[in-house]
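Asks: The lines below spell out each chain.
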Amino acid sequence: VRYHSSRGSKTGDGPTLNPYAALLINAALCGLVATILLFMSRILGRRRGSKVKYEIFETGNPPIGSLRGTRFPVKFYLTAILFIVFDIEVVFMYPWAVIYRELGWFGLAEMAAFMAILAVGLAYIWRVGALEWN
Amino acid sequence: VIDLIITFATALVALLICLQVTVLLLWIERKGSALIQDRVGANRANLLGGLLPFNLGIVNTLMADPMKLLTKEDIVPAAADRFLHWLAPWLAVFPLFLTFAVVPYGDVLVIGGREINLQAVDLSGGILFVLAMVSLGVYGVIIGGWASNSRYAFLGGVRGSAQMISYEIAMGLALVSVVITYGTLDLQHIARAQGQLMWGVVPAWGIFYQPIAFVLLFIAGMAESKRAPFDLPEAENELVAGFQTEYSGSKMSMFMMSDFIEVAIVAVLTTTLFFGGWQVPYLYRDGFHFPGGLTVAVPSLLVTLLQIVSFLVKVFVFCWIQILIRWSLPRLRYDQLMAFGWKKLLPVGLANVAASAVLGLLLEGWTGA
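Here the protein sequences line up with chains U and S, keeping their order. Each residue of the first sequence is one higher than the last, beginning at 1 in the numbering used here. Each residue of the second sequence is one higher than the last, beginning at 135 in the numbering used here.
Keep in mind that the hints were calculated from the coordinates and are not lab data. The beta carbon of each residue, even a glycine, is placed where N, CA and C say it ideally should be. Treat the hints with care, as some may be off.
As the list claims (entries may be wrong) - Just the calculated beta-carbon pair ranges, DEER-fashion:
id, chain 1, residue 1, chain 2, residue 2, range
1, U, Leu103, S, Pro415, 29 to 37 angstroms
2, S, Ala473, U, Arg47, 44 to 52 angstroms
3, U, Val91, S, Ala489, 48 to 56 angstroms
4, U, Leu32, S, Leu435, 28 to 36 angstroms
5, S, Ala431, U, Phe76, 54 to 62 angstroms
6, S, Lys477, U, Leu32, 38 to 46 angstroms
7, S, Pro415, U, Pro63, 54 to 62 angstroms
Put together the whole structure using the sequences plus the hints.
Replies: This is the structure we're talking about:
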């Protein structure tokens with residue numbers, strides 16, 4: 001028996017509703033609960049603010065300047081770029097993985113070529129030191 | 135109309151499972167950490183101001199903790215970006231709630247000749263959906279860090295997002311090899327496929343086909359959920375509380391919740407993909423069929439019940455393993471953390487995908503069904 005992603009092989013005649021409509025219902029329910037939770041403290045909690053209370057926590061000192069415009073290490077940006085490259089690689093693998101038995105050795109060779117290119121890319125960023133944090 | 139009612143009911147059940155598991159985990163973690171650290175742990179919650187001679191423990195802790203959090207004062211720092219400050223906790227928690235919509239927690243429930251699929255949404259791309267929703271959690275972290283306009287929060291947020299996206303690749307690769315094994319993205323199909331037997335004796339659970347993917351997914355999932363030993367985004371002794379420093383009351387509790395839901399999701403994923411999901415070994419829709427020919431008929435309602443219980447037990451076992459790990463291992467250094475994700479998990483994941491693809495074609499019939 002093989003299992004494929006098509007909905008034709010579904011067993012049980014449960015909800016015949018379009019699954020995406022069902023997903024919307026779920027999303028509405030989850031969103032509602034999350035929103036209620038979000039405002040809970042506003043509704044239930046007491047409010048007794050003071051100027052100091054609404055200051056930003058900086059180890060007990062008065063905060064110096066603002067965060068806006070502060071610089072932060074460019075490594076984080078680099079990581080994000082690398083993530084996009086490799087995550088898209090993974091995304092391309094999913095359709096192949098679902099039907100890879102039908103594609104057989106041909107599909108595997110194609111995917112191997114694709115993976116090899118990205119493996120070279122990984123080796124390169126490794127050598128260049130893009131993965132080092134210091 | 136009946137379909138709509140069923141959809142509402144299953145959606146409600148999925149959300150309730152999510153919330154209940156989360157709140158239970160809060161208590162399990164408090165008591166579990168106390169056990170590991172040789173303390174008593176949460177034992178003060180009681181009814182009627184402690185007039186009862188005995189401690190209702192679990193029940194009252196479950197109620198007392200959320201109540202205390204929800205009735206706290208809600209503080210938005212004057213310098214914060216108000217809209218984003220409000221948005222971040224919602225964004226952190228909403229996609230994680232929704233993840234449970236595609237989780238199968240049982241086979242079918244038969245009521246009045248109607249078979250109800252015990253899964254809120256039978257989505258054909260279930261794995262992709264889970265992956266998408268889990269990665270949306272990054273937004274809550276980074277927006278929360280940014281909106282607070284505090285340096286600690288910001289550093290925590292940036293660290294957190296870099297960590298989460300790094301480990302997401304390893305997680306994605308682990309899931310690809312699972313998809314190769316089963317040839318489907320549908321979580322319910324994957325759970326059903328694991329009902330078969332290998333050599334007529336051993337349940338064909340995913341762990342036997344993809345042991346490396348299991349390890350990868352578990353580690354990467356723990357890193358995604360930002361808990362020790364991967365809790366750099368909220369490293370208390372460096373960053374106060376990281377991205378949630380400027381949050382209080384229910385918003386803080388929502389960030390806490392998102393942590394626990396992620397723990398639960400990792401447990402749910404490992405259960406569903408590698409440990410048979412709701413499958414009870416040898417239990418089929420009409421009862422037990424033991425190898426050797428012994429059959430015991432079980433009523434359909436009881437079968438469903440056993441399956442749900444089996445699912446929840448497995449999920450809690452994996453949650454407990456994560457809690458054990460959290461309270462046993464020290465925190466990594468940040469460069470170690472990133473190096474582990476990129477230099478170890480990623481190559482291993484790639485190799486695992488390649489190996490399972492080649493092996494799968496070499497031994498047709500080796501995989502899945």
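Asks: Work down the list of hints and note, for each, if the structure agrees.
Replies: Cross-check of the supplied hints:
no., hint, result
1, U:Leu103 to S:Pro415: 29 to 37 angstroms, "holds, 34 angstroms"
2, S:Ala473 to U:Arg47: 44 to 52 angstroms, "holds, 46 angstroms"
3, U:Val91 to S:Ala489: 48 to 56 angstroms, "violated, 21 angstroms"
4, U:Leu32 to S:Leu435: 28 to 36 angstroms, "holds, 31 angstroms"
5, S:Ala431 to U:Phe76: 54 to 62 angstroms, "holds, 60 angstroms"
6, S:Lys477 to U:Leu32: 38 to 46 angstroms, "holds, 43 angstroms"
7, S:Pro415 to U:Pro63: 54 to 62 angstroms, "holds, 59 angstroms"
Checked against the numbered hints given earlier, the structure breaks only hint 3 and satisfies all the rest.
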